[in-house]
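Generate the whole structure from the sequences, applying the supplied hints.
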Amino acid sequence: MQKDNLEEAFRDHEADYLEVRLEESRSTSIRYRGGDLEEISEPRSSGGNVRALVKGGWGFVSFNDPGELKEKVKLAVRQARLVGKDTSSLAPVVPVSDVSEEVASRDCSDISLTGKKRLVDEYNQIVLRTEKVDTSMVAYRDRVRHVIFANSEGSRIQQKNSDVSLRVAAIARDGGEVQQAGLSMGSRGNFAEIDNLHAQVEETAQRAVMLLSAPKAGSGEYCVVLDPVLAGVFTHEAFGHLSEADFTYENERMREIMVLGRRFGGTHLNIVDGAAVPHLRGSYKYDDEGVPATRTYLIKEGVLVGRLHSRETAAKMGEMATGNARAVSYHFPPIVRMTNTFIEPQGLSFEDIIGDIKEGIYARNWYGGTTSMEMFTFSAGEAYYIRNGQVAELLRPVVLTGNIFVTLENIDAIGNDLQMNQGGGCGKGGQSPLPVSNGSPHIRIQRCLVGGA
Amino acid sequence: MKSRLDILLSTAVKQAEQVEIYYTSMIDTPAIFEANRLKQLQTNESALVALRIVRDGRIGFATDTTFANLDSLVTRAVEVAQFGAPAKFDVPGGKVYPETTIYDSEVKSFVIEQMVDLGEKTISRVREHSPDLQCDASMDIGTVSVCILNSRGGEVSFEKSFCGIALEGNLIRDTDMLFVGDSESSCHPIRNTDGVVSSVVRQLELSRRQATVTTARMPVIFTPHGVVSAFIAPLSVAFNGRTVLQGVSPLVNRLGEKVFSQKLSLWDDATIPYRPRSRPCDDEGIPSRRIPLIDQGTVSSFLYDLQTAGLAGAESTGSGDRGGGLPAPSISSLVFGTGNASFEEMLSEMGDGLVVEQLMGASQTNVLGGDFSGNVLLGYRVEKGEIVGRVKDTVVSGNIYQALNQQIALGKDGRWVGAVFAPDILCPELTVGSKKG
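In order, the protein sequences belong to chains A and B. The letter at position 396 of the first sequence is residue 396 when you use the numbering used here, and the numbering goes up by one with no holes. Throughout, the numbering used here is defined as the position within the second sequence, counted from one, plus 1000.
Since the hints were made in silico from the structure, they are not lab data. Think of the CB as a built atom: it goes at the ideal place given N, C-alpha and C, for glycine as much as any other residue. Be aware that one or more of the hints could be misleading.
[What the hints assert, rightly or not] PhoX-like, lysine-lysine: derived pairs with alpha carbons at most 25 Å apart: (1) A:Lys-316 <-> B:Lys-1039; (2) B:Lys-1002 <-> A:Lys-428; (3) A:Lys-85 <-> B:Lys-1039; (4) B:Lys-1039 <-> A:Lys-55; (5) B:Lys-1108 <-> A:Lys-74; (6) A:Lys-316 <-> A:Lys-85; (7) B:Lys-1014 <-> B:Lys-1002; (8) A:Lys-117 <-> B:Lys-1088; (9) B:Lys-1121 <-> A:Lys-55; (10) A:Lys-70 <-> B:Lys-1039.
[Stated by the list, open to error] From the structure, some residues in chain A lie toward chain B, with a derived Cβ separation under 10 Å: (11) Ile-40; (12) Leu-75; (13) Arg-78; (14) Asn-251; (15) Ile-257; (16) Leu-260; (17) Pro-333; (18) Met-373; (19) Gln-446; (20) Leu-449.
What follows is the structure, encoded as structure tokens:
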């Protein structure tokens, strides 16, 4: 990309702050539905954006063609000037010049299209040959992204990295009854983390069949044990989104609720988010504002101690930037997002956790989740009754829902078996799917509301 | 631009039996309001050029966001065609397209200052009712142009304008959070937001008091927003020709069969004037038309694109949609037939029950099987035919093949919620779960 144009764009710009992001990406997409190869393609995308800040107001211009960058800067500044009526404040960041090229040990960009398709074929065949499975959906996607970031404070950062995701769904049908089971995996560009899942794919296909004859759980309150995957989704939905400071920083009531030092759970509860936790889908060196990645405690020993920031939210709340401003692509400005979010492990074994439950639900695997800050819902891919301390019969998938201010307090047991789930993609403000990871050990929640389907 | 597409077509034709080029470009200029005031103005330009070929009987496909490297598009499409699915279609030759009015030149004269002014007024009118309400909003206006040409002489292009406003407010008392909001969209510039304002004010009024509900089966009224949040995901997957072809739609082999209540009629229609999802043809150049899906409870047809129709031995319904990839069947504007009950009549008919305005996370369950299950983000308790307050900590779940095959009642008025036109729908018996105490 044209360096001279970039430097020229910053000359005499008349904004309080200005940044330019230029991006090129190459993707691979392979998707089967049943025996039909629905898509195989290698899309390319290139473009960029300019973001300007004047008196606290933002202007943003995005484009495919980076020509006449200077004109785009002028437009962004003009827009910002129409908005700004206040003062600009951004948390301080030391300007950086850096080139970071992440290459995974078996990077997806080194695998041929033939190799990728062969793997997707194998997984699809496993699902389709399972008895009573009607059809499948197998989707592989990777993206290699090369981003140049420059701002008016002198930062010049080039980052290159890749992301891989794989989704497998098995659909079983018996008369009018349809049930499905799914598996989602991903990695920070490493093909090796998704190319040896044959046993898990087979298990997923068999579960879809078993669900056909599984009973439904009745709606109501239960003692619920979540496996590490689902507990990770719970952490992301229920608490992670609430920790994103963009909902809080200009809302007085929210600032009162989310005051640092407030107790949210027992002393065994520690929740962390950070892109500096290495080799996960939400890992990176700098965020999309050029802020170095960190590792941030959100909850320590049950008490709120931190939150996720962009430079603006950090400045307005008098806190440090955390490197959590992310954009899903050049079409969008960066907003406050999670990276790798997890509950830290404690000492209990799985047997300790379920041993004294007379009647409850063991919910595993994720299907989806969403939040409205106070209320959250997330759905399990599989669920079992717990009776007298033992995992009992398989149930139809359940939706768990609750109020965050009560539910975190109701976590009364945290296991010793932290596991990170790399299969998720997060959506917020029209920007989706953003690569994130989340995780947890097994946890137990008392009095959790369950909606049986 | 057109000359470049012609060059691409003539280059690709040398490598393939069939060639189709799809080009779209969009410019939109959202104004974004946060915490009750204008926060950001944007200008977003984007383009996509997609090349689909059939080579040795197989589909090849490539996309890019620029014309800078047309040769690479052809090379990649040819490479992918080795692996591609066998093509089951012929790209359409010249067609006659319905007159579809989707462009209003007024958008050109709608300036940023007017948008900002309208957004600010909308927020302040809502806050006059509830000064503590914190509002986020967006106003968006823009144009899209589409051009499709193919090796059988098919050629179509059109331009569309769009405008949208969305407002979301939150009211926080201690840790109790109330979320209200509404939106409106059109191909006309929106100059009047009375509808959004009165709808949000009504939500605030009805939520003033809190009410409780206990776990039971009870009648539930879904408002148009509620209909969208609960029923649309399972309905769109069931009528998608792909799911039908695969044999996993619960409606497979049930064309002509009465599956839903006789009161229920539903169609997909991309020809409605000035709706943002309307268009003269789909993304493969097949003319748009009204497609009946449910006719008085009876399953009437499914949605097809060219390839899916070819595989299923059916005709394309003009429902091919590209989300940046290959075309797939998709809904455009879904319309529910209305009934004859007023909202008040429905309330008094139900006696005791629930009104659901927004169900959160309802489609994160076995949508394919018709299930919905979600947390009532906004909903009201009804006692003796009157709304008594807002409920919380409540889940509503069910299955559309049961819920919409009961003695349902439909409201006599309907409204647009995004791409769906729906009335209020009363289901006489659904499972409602609630937290004890």
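Comparing the hints with the structure gives:
The straight-line distance between the Cα atoms of Lys-316 of chain A and Lys-1039 of chain B is roughly 14 Å, inside the 25 Å bound, and the hint therefore holds. Of the pairs offered as hints, the one joining Lys-1002 of chain B and Lys-428 of chain A is violated, with about 36 Å between alpha carbons and a cut-off of 25 Å exceeded. At most 25 Å may separate the alpha-carbon atoms for a hinted pair to count; Lys-85 of chain A and Lys-1039 of chain B meet this at roughly 10 Å. A distance of roughly 11 Å separates the Cα atoms of Lys-1039 of chain B and Lys-55 of chain A; the hinted pair therefore holds under the 25 Å criterion.
Restraint check: the Cα-Cα separation between Lys-1108 of chain B and Lys-74 of chain A comes to about 21 Å, which is no more than 25 Å; the hinted pair holds. Note on Lys-316 of chain A and Lys-85 of chain A: the hinted pairing holds, with a Cα-Cα distance of about 16 Å set against a maximum of 25 Å. Distance check on the hinted pair: Lys-1014 of chain B and Lys-1002 of chain B sit about 19 Å apart at the alpha-carbon level, within 25 Å; holds. A threshold of 25 Å between alpha carbons decides the hint, and for Lys-117 of chain A with Lys-1088 of chain B the separation of about 21 Å falls inside it, so the pair holds.
Taking the CA atoms of Lys-1121 of chain B and Lys-55 of chain A, the gap is near 22 Å; set against the 25 Å cutoff, the hint holds. Between Lys-70 of chain A and Lys-1039 of chain B the CA atoms are separated by roughly 23 Å; this keeps the pair inside 25 Å, and the hint holds. At a threshold of 10 Å, the smallest CB-CB gap from Ile-40 of chain A to chain B is about 5 Å, leaving the interface hint in force. Contact between Leu-75 of chain A and chain B, as hinted, is supported at the beta carbon level, the nearest pair being about 6 Å apart and thus within 10 Å.
The beta carbon of Arg-78 of chain A comes within 9 Å of a beta carbon in chain B, closer than 10 Å, and the hint placing it at the interface holds. Look at Asn-251 of chain A: its Cβ gets to within about 5 Å of chain B, closer than 10 Å, so that hint holds up. Of the supplied interface hints, the one on Ile-257 of chain A holds, with its beta-carbon coming within about 6 Å of a beta-carbon of chain B, less than 10 Å. Violation of the interface hint for Leu-260 of chain A is found here, the shortest Cβ-Cβ separation to chain B being roughly 16 Å, above the 10 Å cut-off.
Restraint check, Pro-333 of chain A versus chain B: the minimum CB separation of about 7 Å is within 10 Å; hint holds. About 6 Å separates the beta-carbon of Met-373 of chain A from the nearest beta-carbon of chain B, less than 10 Å, and the hint is met. The beta carbon of Gln-446 of chain A comes no nearer than 12 Å to any beta carbon in chain B, farther than 10 Å, and the hint placing it at the interface is violated. With a cut of 10 Å, the hint placing Leu-449 of chain A at the interface with chain B holds, because the nearest CB-to-CB distance is about 5 Å.
Hint compliance for this structure: hints 2, 16 and 19 are not met, and every other hint is.
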